[in-house]
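Quick mapping for you: the protein sequence lines, in order, are chains A and B.
To convert, note that position 23 of the first sequence is 23 in the working numbering; the numbers rise steadily by one, no gaps.
To convert, note that position 68 of the second sequence is 1068 in the working numbering; the numbers rise steadily by one, no gaps.
Honestly, the hints are just simulated from the structure, not real lab data.
As the structure is a prediction and not an experimental result, all values here were calculated from the model.
One thing to keep in mind: the hints can contain errors.
Which bits of chain B does chain A cover? Going by a derived footprint, with three or more residues having C-beta under 8 Å, they are [claimed, not checked]:
#1 1014–1028
#2 1097–1106
Sample of chain A residues lacking proximity to chain B, with all beta carbon distances greater than 10 Å (derived) [stated by the list, open to error]:
#3 Q14
#4 E15
#5 A90
#6 N92
#7 L100
#8 G103
Derived Cβ-Cβ restraints for the label pairs, each shown as a range [to be verified]:
#9 T81/A - L1039/B: 35 to 45 Å
#10 K1015/B - K51/A: 27 to 37 Å
#11 T81/A - N1052/B: 30 to 40 Å
#12 Q58/A - V1012/B: 20 to 30 Å
#13 E1068/B - K111/A: 22 to 32 Å
#14 Q1041/B - K111/A: 45 to 55 Å
#15 V44/A - V1012/B: 39 to 49 Å
#16 S1073/B - Q14/A: 28 to 38 Å
#17 D1018/B - Q14/A: 45 to 55 Å
#18 S1062/B - G41/A: 34 to 44 Å
C-beta: ideal position from N, C-alpha, C; glycine also.
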Amino acid sequence: GQQVMQIPQYQHVQEGEDFTTYCNSSTTLSNIQWYKQRPGGHPVFLIQLVKSGEVKKQKRLTFQFGEAKKNSSLHITATQTTDVGTYFCAGNYGGSQGNLIFGKGTKLSVKP
Amino acid sequence: GAGVSQSPSNKVTEKGKDVELRCDPISGHTALYWYRQSLGQGLEFLIYFQGNSAPDKSGLPSDRFSAERTGGSVSTLTIQRTQQEDSAVYLCASSFGGASYTQYFGPGTRLTVL
């Protein structure tokens, strides 16, 4: 079946270092969403990317959607302890209907 | 406004017992999803309701799992004859439509099967 592969599974960084997580699909996605789950919390929507090559920024977070709409990345500049959590990408293969297929997530820990 | 609510927040049960988990979606959301998240793991899709369409049950792990959505609103996930491997956090999410829309997650129900 359709899968969204996300790497790395874990990332440990020193506060102030950058962080990137990657999502890859073998087939073209209609759109991709990113969610953040804080420890002990539930996933919270961050952003949706729809267009080929799209880049969106939220403060220190930069989201990219590949030209082929098969991969995406989330980059955090100068991590802070508040960035700790698990970041999930979720791919849509079916347009306006259908399911989001979640990646397994990247768990980020930040050492102060 | 009110978000997605789930009850109970915690459920401890004995192996072999049945459990019911409830989800109240955001008012006006036509889509409702159930996911399972084992400790430290990703989100495992279970079932998806969209409006009056037949639900997508493709993620249910066994016939011990079932879900209903009454009146297009509240949903109940039922697990019969619970097993220890069913222990996990069960998350519900709702949205205005299909996969192009933001999913809003509830706080989850932590199920522990002894």
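Status of each hint after checking the structure:
1. 1014–1028: violated (count 0)
2. 1097–1106: holds (count 9)
3. Q14: About 22 Å separates Q14/A from the closest Cβ of chain B, which puts it past 10 Å; holds.
4. E15: E15/A is indeed farther than 10 Å from all Cβ atoms of chain B, at 23 Å.
5. A90: Check fails; 8 Å does not lie beyond 10 Å.
6. N92: About 4 Å separates N92/A from the closest Cβ of chain B, which leaves it inside 10 Å; violated.
7. L100: The claim breaks: L100/A does not keep its Cβ more than 10 Å from every Cβ of chain B (closest is about 5 Å).
8. G103: violated (7 Å)
9. T81/A - L1039/B: 35 to 45 Å: Violated: the Cβ-Cβ distance is about 23 Å, outside 35 to 45 Å.
10. K1015/B - K51/A: 27 to 37 Å: Check failed, 50 Å falls outside 27 to 37 Å.
11. T81/A - N1052/B: 30 to 40 Å: violated (46 Å)
12. Q58/A - V1012/B: 20 to 30 Å: Distance hint for Q58/A, V1012/B is violated at roughly 39 Å.
13. E1068/B - K111/A: 22 to 32 Å: Hint violated: Cβ distance 46 Å, outside 22 to 32 Å.
14. Q1041/B - K111/A: 45 to 55 Å: Distance hint for Q1041/B, K111/A is violated at roughly 23 Å.
15. V44/A - V1012/B: 39 to 49 Å: violated (27 Å)
16. S1073/B - Q14/A: 28 to 38 Å: violated (47 Å)
17. D1018/B - Q14/A: 45 to 55 Å: holds (48 Å)
18. S1062/B - G41/A: 34 to 44 Å: Violated - the Cβ-Cβ distance for S1062/B and G41/A, about 28 Å, lies outside 34 to 44 Å.
Hint compliance for this structure: hints 1, 5, 6, 7, 8, 9, 10, 11, 12, 13, 14, 15, 16 and 18 are broken, all remaining hints hold.
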